[in-house]
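**Q** Starting from the given sequences, assemble the full structure and let the hints guide the process.
Number of protein chains: 2
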Amino acid sequence: MTPTDSSLELQKFLHEKIPLSRAMGVQVVAVNDTELTLCAPLEPNHNHLGTAFGGSLSALATLAGYTFLWIALGDRDAHIVIRDSTISYQKPVRGELRATCLAPDPKKLAKFLKIFHQKGKSRIKLTVLIEENGETAVTLTGTYVALR
Amino acid sequence: MTPTDSSLELQKFLHEKIPLSRAMGVQVVAVNDTELTLCAPLEPNHNHLGTAFGGSLSALATLAGYTFLWIALGDRDAHIVIRDSTISYQKPVRGELRATCLAPDPKKLAKFLKIFHQKGKSRIKLTVLIEENGETAVTLTGTYVALR
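Top line first, the protein sequences correspond to chains A and B. Every letter in the first sequence is one number past the one before it in this note's numbering, and letter 95, counting from 1, is 95. Every letter in the second sequence is one number past the one before it in this note's numbering, and letter 110, counting from 1, is 110.
No wet-lab data here; the hints were simulated from the structure. Any given hint might turn out to be false.
DSS-like, lysine-lysine: derived pairs with alpha carbons at most 25 Å apart [what the hints assert, rightly or not]:
no. : chain 1 : residue 1 : chain 2 : residue 2
1   : B       : Lys125    : A       : Lys91
2   : A       : Lys17     : B       : Lys91
3   : A       : Lys121    : A       : Lys108
4   : B       : Lys17     : A       : Lys91
**A** Here it is as C-alpha cells:
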C-alpha cells in the first residue's frame, strides 16, 4: 500500500512525540476504517539471534494501539495510555516487523467514543497482530485508556 | 551503585547484539545474585505526554529478563527467547526508567538450569519491576525459554 499524505503526517507526529519510534524506523503503512498498520525494518530492531527483538515487537504493537486510538478519537491532544497488555510470541519474525491493530467491534468502539465525549475518560481493549508470510507471529491484547 | 567492569562488558554485549538497547541508552547498573537492574534515560524513551513510552517500558523490562538469564546460564551463546508476557502499567514513569528482574525462587532456578543442561531446552517464569521513588510503576511477568 502506498503511504498517503495522512499516513506520512501521522508518521511525522509519532516520530516527533515518541522518539523511540524514529529510532525504530516506524512507518505508517495503512490507515483505514478496519485497521491500522505500522512497519519497522529489521535492522534497528534485531536481537542476538538476528530475528526481531521481543522488546521491539512489544513496542511496535503497543504503538499500533495508541495510533489506532488517535485516529479513532480524531484528537491528537487526547491523553492515551496503556493500562495492561498480554503478549504472546508464537513465531520469530525474520524480516520487516509489521503490526496491525484490528478495529474493535463497532458497537464497542461507539461506546468507547461516547463515554470519552461524555465523561472525558474511557477505556477499550484492542488486539494487535504482528504477521509475517501470512502467519501470526505475535498477538498483543491491551487495555488502553483515553483521557481528556 | 557504580557499574563494575562486568556490568560495562555486559552493557557492551547488549548494545552490540540488540541495537535498540543502544538507541534507548540502556545501562546495566546492578548485577548480583538476587537481581539484575537495567536503566535508561527518559530523553530517548519519552512519549507524547513527556512520561516514559509504554513501548520503551515493555522493551526495557523484556530485556531485563533476557539479561538475567544470560547471567544465570553463564552462556552468551544460549538462545533465549520470550514466549509470553503480561504487563501491568500502574503509574506513569516521569524520570529515568529502571527495570529490575527479580531472581526466581532458588529451587525453580536450579530446576530450570538442570533441565537446560540435560535437555538443551528449558523455560522459566520471571518477574520484572519498574520502580520510581520506591513505588512500582510497571510489572512484567514473562515466560522465557532457553535453547542450546
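**Q** Holds or violated: Lys125/B with Lys91/A, Cα cutoff 25 Å?
**A** holds, 19 Å
**Q** Under the criterion that the straight-line Cα-Cα distance not exceed 25 Å, is the pair Lys17/A, Lys91/B satisfied?
**A** holds, 20 Å
**Q** Next pair to validate is Lys121/A with Lys108/A; report whether the Cα-Cα distance is within 25 Å.
**A** holds, 15 Å
**Q** Taking 25 Å as the top limit, are the C-alpha atoms of Lys17/B and Lys91/A close enough?
**A** holds, 20 Å
Against the hints set out earlier in the document, no violation occurs for any number.
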